[in-house]
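Protein chains: 2
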Amino acid sequence: MGNDDETVESLGEFGLIDLIAARLPQGEQVVIGPGDDAAVLKTGDGRVVATTDVLAEGRHFRRAWSSPYDVGRKAAAQSLADIAAMGARPTALLVALTLPAELPAAWPLDLADGLRDECARVGASVVGGDLVRDQQITIAVAALGDLGGHDPITRGGARPGDAVAVAGRLGWSVAGLAVLQQGTVIRTAAADAVIGAHRRPQPPYDLALQAAAAGATALIDVSDGLLQDLGHVAEASAVAIDLDSAALVPDPELVEIAASVRADPASWVLTGGEDHAFAACLPGPGIPAGWRRVGRVAHGARVTVDGRVFTGAGGFDHFRTL
Amino acid sequence: MGNDDETVESLGEFGLIDLIAARLPQGEQVVIGPGDDAAVLKTGDGRVVATTDVLAEGRHFRRAWSSPYDVGRKAAAQSLADIAAMGARPTALLVALTLPAELPAAWPLDLADGLRDECARVGASVVGGDLVRDQQITIAVAALGDLGGHDPITRGGARPGDAVAVAGRLGWSVAGLAVLQQGTVIRTAAADAVIGAHRRPQPPYDLALQAAAAGATALIDVSDGLLQDLGHVAEASAVAIDLDSAALVPDPELVEIAASVRADPASWVLTGGEDHAFAACLPGPGIPAGWRRVGRVAHGARVTVDGRVFTGAGGFDHFRTL
Numbered sequence: 001m002g003n004d005d006e007t008v009e010s011l012g013e014f015g016l017i018d019l020i021a022a023r024l025p026q027g028e029q030v031v032i033g034p035g036d037d038a039a040v041l042k043t044g045d046g047r048v049v050a051t052t053d054v055l056a057e058g059r060h061f062r063r064a065w066s067s068p069y070d071v072g073r074k075a076a077a078q079s080l081a082d083i084a085a086m087g088a089r090p091t092a093l094l095v096a097l098t099l100p101a102e103l104p105a106a107w108p109l110d111l112a113d114g115l116r117d118e119c120a121r122v123g124a125s126v127v128g129g130d131l132v133r134d135q136q137i138t139i140a141v142a143a144l145g146d147l148g149g150h151d152p153i154t155r156g157g158a159r160p161g162d163a164v165a166v167a168g169r170l171g172w173s174v175a176g177l178a179v180l181q182q183g184t185v186i187r188t189a190a191a192d193a194v195i196g197a198h199r200r201p202q203p204p205y206d207l208a209l210q211a212a213a214a215g216a217t218a219l220i221d222v223s224d225g226l227l228q229d230l231g232h233v234a235e236a237s238a239v240a241i242d243l244d245s246a247a248l249v250p251d252p253e254l255v256e257i258a259a260s261v262r263a264d265p266a267s268w269v270l271t272g273g274e275d276h277a278f279a280a281c282l283p284g285p286g287i288p289a290g291w292r293r294v295g296r297v298a299h300g301a302r303v304t305v306d307g308r309v310f311t312g313a314g315g316f317d318h319f320r321t322l
Numbered sequence: 001m002g003n004d005d006e007t008v009e010s011l012g013e014f015g016l017i018d019l020i021a022a023r024l025p026q027g028e029q030v031v032i033g034p035g036d037d038a039a040v041l042k043t044g045d046g047r048v049v050a051t052t053d054v055l056a057e058g059r060h061f062r063r064a065w066s067s068p069y070d071v072g073r074k075a076a077a078q079s080l081a082d083i084a085a086m087g088a089r090p091t092a093l094l095v096a097l098t099l100p101a102e103l104p105a106a107w108p109l110d111l112a113d114g115l116r117d118e119c120a121r122v123g124a125s126v127v128g129g130d131l132v133r134d135q136q137i138t139i140a141v142a143a144l145g146d147l148g149g150h151d152p153i154t155r156g157g158a159r160p161g162d163a164v165a166v167a168g169r170l171g172w173s174v175a176g177l178a179v180l181q182q183g184t185v186i187r188t189a190a191a192d193a194v195i196g197a198h199r200r201p202q203p204p205y206d207l208a209l210q211a212a213a214a215g216a217t218a219l220i221d222v223s224d225g226l227l228q229d230l231g232h233v234a235e236a237s238a239v240a241i242d243l244d245s246a247a248l249v250p251d252p253e254l255v256e257i258a259a260s261v262r263a264d265p266a267s268w269v270l271t272g273g274e275d276h277a278f279a280a281c282l283p284g285p286g287i288p289a290g291w292r293r294v295g296r297v298a299h300g301a302r303v304t305v306d307g308r309v310f311t312g313a314g315g316f317d318h319f320r321t322l
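Going line by line, the protein sequences match chains A and B. For what it's worth, the working numbering labels the leading residue of the first sequence as 1, then goes sequentially. For what it's worth, the working numbering labels the leading residue of the second sequence as 1, then goes sequentially.
Treat each hint with caution, since some may be false.
Copies of the same chain look alike in the list, so a pair counts if it works inside one copy or between any two.
In the SDA-like style, the derived pairs of lysine to any residue whose C-alpha atoms are separated by at most 25 Å in a straight line are [what the hints assert, rightly or not]:
| hint | residue 1 | residue 2 |
| --- | --- | --- |
| 1 | Lys42 | Glu28 |
| 2 | Lys42 | Gly156 |
| 3 | Lys42 | Ala22 |
| 4 | Lys42 | Trp65 |
| 5 | Lys42 | Gly157 |
| 6 | Lys42 | Gly149 |
| 7 | Lys42 | Gln29 |
| 8 | Lys42 | Asp117 |
| 9 | Lys42 | Val261 |
| 10 | Lys42 | Asp70 |
| 11 | Lys42 | Ala21 |
To be clear, the hints were calculated from the coordinates, so they are not data collected in a lab.
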């Protein structure tokens, strides 16, 4: 960037693509990276895992609340977590952007840095993308991954008797959102921590792969809230899941923030979305390091907490909430 | 659909996803289709080809001008053509949608039918997606493909002496757009034909694969206009390309429409985007059936027509035109 006044429009589609591509290192699995009609990747496993997610401005992030670098980290994390939730190592991202013409060119460049750095956590590369002008920013991220010879871990393999375990934070992103929505700046360490968690979720990718290697029967990315996502597992596996509230006590940071915004921190843990923790069902007897046991799979068809249906706020539906 | 009054919002994210997934047959390459954190596909070649493109309402289509089915066909065609332009057979699409809450639910369902039917032309499957609410419709389509043991055909292999050939229509989509933009309804067979071409491009996927098999040294999807896309080939291959205007005479339909809207049909052929024809460089001596010879690769660094730089309207930059 030689000029801070450059906008998306003044640089143009190809000028911007060139600057973005120059920031993106290509891993050893990449045969052909950005710049041609399509990328080419090695898939030594003989299969490829593939997913896509889209972030929309005003819905998943606000420019006033998150830096473009943070949005890039979050956009990458969301799709990379879905790959890891199949028990696969993420290898590549493809990023389709819509951008307002008057947006400073630094915005998508910082976004690209965020995408790149989140990819670096798992050894993936940004191998391609597309840019078009639109009134709002949307970021659609497709991710690819490699199973490394192992079976994919779906939502459908949980069996009665399995332990239910969680790796990663729960309720932090929604707590951060609550602080940001309140408007007044709360300057405490807890507020900073949950705002940071909202801006930049930190999926524990390696823990997901370790659960897969440890024989997880079901594995899922907690993107819409623990109860809702475990509901998908229960339905796909035709089992019941009972959670133990004593194992899901809100972290002290959530208790502090909930008190200041008059919310229920236990509901945040059970229904808060976008933390991109992982939930697994494990046949036992032990569970992998870094995972915590939060419940048990049983015969039946519902998700309960201490044997009862949870009656607090629901999970995250991208059409219905916010 | 039991209820024509259903909207995107009333059905909800998961209700809509279930209805869409039910419309999408899964091909034999699909190990795990829609419904889990990610899809899993076989990649017998040991590599996978991957690309993404995004269509934005108001920029690539208007609801008043195109049915959702046509938009689905176009969105799929755009990404499938990029895969074929690498010499690969498309295998799968992932579709990330943003949709207004008040949009009738029939709209994304008809879109899904269009995506499905365009995929059927090449044996690909829609294996996953994401839905979020936003004020505008955007459709980001990632496509995957299989090289079948052959080398990918990039933009960078053209050699002086190669023939330049084209398969598919040129200038039809921009002619159709010109008719639609004029507002008054022109009811001629030519007008209907070019409007149809704008709504639903028809990339000749099999001809692209045949050119790859015939030893094409470079292959590209003509999405931004012939001159601009051949400019990418010239740059990547470090060659000059000279086109023969006698081989690029506008079709009679274009001549008729250009006369009625006071445009230059020869410019449409050279610079019109979104037809998703293919351009190839071929070492010869012959060229595959269905392809037409339009020029020659030479030493140098420019794209010319009859030896001269074309000075008409430029190609399609998604930030600068329309």
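How do Lys42 and Ala22 come out at 25 Å by Cα distance, when the copy is not named: within, between, both, or neither?
within (22 Å within a copy, 31 Å between copies)
With identical chains treated as interchangeable, where does the CA-CA distance between Lys42 and Ala21 reach 25 Å or less: within a copy, between copies, both, or neither?
So Lys42 and Ala21 pass the 25 Å test inside one copy only (20 Å; across, 29 Å).
Intra/inter-copy verdict for Lys42 and Asp70 if alpha-carbon distance must be at most 25 Å:
The answer is neither: 29 Å in one copy and 34 Å across copies each exceed 25 Å.
Within a copy, between copies, both or neither: where do Lys42 and Trp65 come within 25 Å Cα-Cα?
Answer is neither: 38 Å inside a copy and 41 Å across each miss the 25 Å cutoff.
Up to 25 Å between alpha-carbons, please classify Lys42 paired with Val261: within, between, both or neither.
neither (49 Å within a copy, 49 Å between copies)
Between Lys42 and Gln29, at a C-alpha cutoff of 25 Å, which is it: within one copy, between copies, both, or neither?
Both ways: Lys42 and Gln29 sit 5 Å apart in one copy and 17 Å across, limit 25 Å.
Alpha-carbon proximity between Lys42 and Gly149, which holds within one copy, between copies, both or neither at 25 Å
both (14 Å within a copy, 12 Å between copies)
From the Cα coordinates, with 25 Å as the cut-off, is the pair Lys42 and Gly157 best called within, between, both, or neither?
Between copies, since 21 Å is at most 25 Å while 29 Å is not.
Should Lys42 paired with Asp117 be assigned to within, between, both, or neither, using CA atoms and 25 Å as the limit?
Within. Shortest intra-copy distance 21 Å satisfies the 25 Å Cα cut-off; inter-copy 29 Å does not.
Same-copy or cross-copy closeness of Lys42 to Gly156 [CA-CA at most 25 Å]
between (28 Å within a copy, 20 Å between copies)
Identical-chain pair category, Lys42 with Glu28, by Cα at 25 Å
Both, since 9 Å and 21 Å are each at most 25 Å.
When each numbered hint is compared with the structure, violations occur for hints 4, 9 and 10.
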